[in-house]
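K.L.:
What follows is the residue order along each chain.
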Amino acid sequence: MAREHLTNDEFFTQLANLFEYTRTKGHGSVYLTQKRMTFDTSSTPPSPTKFADDPLWDTHPEEPLPILIRASNNKSDKKKGTDREHIDKIKLSTLVKPDGLDAFYIRYVDACKVGMTGLKKRDKKKKKTTKKKAAEGETKV
Amino acid sequence: MPYFKTSKEWYEQSSLLLKARPTSTRITSKYSVLKPSSSKIKKRQKYDDKKASRPTEAPRATSPHPPPSTQPQPEEVTVTFTLKTYDPDSGTCLQYETNKGNEVSRLVGNLGKLGRCMAGLPEVIVDLSAPAAEAKVDEGGDVNMGGVAAAGKADAKAGGGGGKKKKKGKK
Numbered sequence: 001m002a003r004e005h006l007t008n009d010e011f012f013t014q015l016a017n018l019f020e021y022t023r024t025k026g027h028g029s030v031y032l033t034q035k036r037m038t039f040d041t042s043s044t045p046p047s048p049t050k051f052a053d054d055p056l057w058d059t060h061p062e063e064p065l066p067i068l069i070r071a072s073n074n075k076s077d078k079k080k081g082t083d084r085e086h087i088d089k090i091k092l093s094t095l096v097k098p099d100g101l102d103a104f105y106i107r108y109v110d111a112c113k114v115g116m117t118g119l120k121k122r123d124k125k126k127k128k129t130t131k132k133k134a135a136e137g138e139t140k141v
Numbered sequence: 001m002p003y004f005k006t007s008k009e010w011y012e013q014s015s016l017l018l019k020a021r022p023t024s025t026r027i028t029s030k031y032s033v034l035k036p037s038s039s040k041i042k043k044r045q046k047y048d049d050k051k052a053s054r055p056t057e058a059p060r061a062t063s064p065h066p067p068p069s070t071q072p073q074p075e076e077v078t079v080t081f082t083l084k085t086y087d088p089d090s091g092t093c094l095q096y097e098t099n100k101g102n103e104v105s106r107l108v109g110n111l112g113k114l115g116r117c118m119a120g121l122p123e124v125i126v127d128l129s130a131p132a133a134e135a136k137v138d139e140g141g142d143v144n145m146g147g148v149a150a151a152g153k154a155d156a157k158a159g160g161g162g163g164k165k166k167k168k169g170k171k
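Chains A and B supply the protein sequences, listed in that same order. Positions 1 to 141 (UniProt numbering) are the ones given, in order, by the first sequence. Positions 1 to 171 (UniProt numbering) are the ones given, in order, by the second sequence.
Some hints could be false.
Covered by chain B, per the in silico footprint, the following chain A stretches (three or more residues, Cβ under 8 Å) [claimed, not checked]:
no.	segment
1	63-69
2	77-89
Label pairs and their calculated CB-CB ranges [unchecked claim]:
no.	chain 1	residue 1	chain 2	residue 2	range
3	B	Cys93	A	Lys91	18 to 24 Å
4	B	Thr78	A	Glu20	17 to 23 Å
5	A	Asp77	B	Glu97	24 to 30 Å
6	A	Glu20	B	Asp48	28 to 34 Å
7	A	Thr117	B	Pro74	16 to 22 Å
8	B	Lys46	A	Asp99	52 to 58 Å
9	B	Ala20	A	Lys25	21 to 27 Å
10	A	Ser29	B	Thr6	35 to 41 Å
11	B	Thr6	A	Glu85	34 to 40 Å
12	B	Glu12	A	Glu20	30 to 36 Å
Think of the hints as simulated: they come from the structure by calculation, not from any bench. Every residue, glycine too, gets a C-beta built ideally from N, C-alpha and C.
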């Protein structure tokens, strides 16, 4: 169960692969999760006594904590009578340090944008009309 | 387990939840491509047939009707992007779902902002650094998603100010 966390670079390449995999398969899901990393870090949670004193200790940590990012797909079993194949679960995880958070998310946004194909495109026609209206409004003002 | 109507609402509520319970709260985003079930396909076909058999008198006037070309095929997959903020301690679960591609970059950018709350970084820095990065990403997104070149020109003529204002409102 002890899986190593990937480095951020590796995580992005693997994530791209995961999206590509879903795309070639034609259906399926990709789950992305983020949460605060509190386990096995240098800043340990305070002792129970301190916890009782200050139950909201976690709202103001002494130092910024890293964030755990996970990505996975759905496992599926072979089902008779359908074209469903057996697919193993792919799990990825990486740790993002507080100081690298902004840089990470800029790449993350791009990775998601590239990977999540098939979503509906912007309605061009509708947009044009609203733009016109906006322009008219501006000239009046 | 509410689904919010707007992503802004989801973002505000999620950031409040994160501030209250930063350790236990997690945010899951799901990108899912679903093949329609056989019953769904039947339903869509039925609907299409019904539409085709109906006399088309209304669109004869001025409004040209694009639907026939853009109408989804019965077997077309359903693609959704769902955001879920969940706190197992209190059982709070906040959700937002979209099927629009141009929202993805903004939503994931929001995840970054929420990530700062999660890390316990001060919010003041968010105001200074994050919006700049956000704006850059957004502009890139606009170019990619593509606005038509003509639309871009029109925008430039109308003055960038209006466009920018609008974007801010969306966030």
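K.L.:
It remains to establish, for every hint, whether it holds in the given structure.
P.N.:
For each hint, the structure was consulted:
With 5 residues bearing a CB less than 8 Å from a CB of chain B, the segment 63-69 of chain A meets the requirement of three and the coverage assertion stands. Coverage of the segment 77-89 of chain A by chain B is violated [criterion: at least 3 residues with CB-CB distance below 8 Å; count 0]. For Cys93 (chain B) and Lys91 (chain A), the hinted distance range of 18 to 24 Å is satisfied, since their beta carbons lie about 22 Å from each other. Range check, Thr78 (chain B) to Glu20 (chain A): Cβ separation about 20 Å, and the 17 to 23 Å hint holds.
In this structure, Asp77 (chain A) and Glu97 (chain B) meet the distance hint of 24 to 30 Å, their C-beta atoms being roughly 27 Å apart. In this structure, Glu20 (chain A) and Asp48 (chain B) meet the distance hint of 28 to 34 Å, their C-beta atoms being roughly 32 Å apart. Remark: the range hint 16 to 22 Å for Thr117 (chain A) to Pro74 (chain B) is upheld by a beta-carbon distance near 21 Å. For Lys46 (chain B) paired with Asp99 (chain A), a C-beta distance near 57 Å keeps the hint of 52 to 58 Å intact.
Between Ala20 (chain B) and Lys25 (chain A) the Cβ separation comes to about 39 Å, which falls outside the hinted range of 21 to 27 Å. Judged by the Cβ atoms, the range 35 to 41 Å given for Ser29 (chain A) and Thr6 (chain B) is violated: they are separated by roughly 24 Å. Roughly 39 Å separates the CB atoms of Thr6 (chain B) and Glu85 (chain A), a value that falls within the hinted 34 to 40 Å. A beta carbon spacing of about 34 Å between Glu12 (chain B) and Glu20 (chain A) agrees with the range 30 to 36 Å that was offered as a hint.
Violated hints, in rising order: 2, 9, 10; the structure is consistent with all others.
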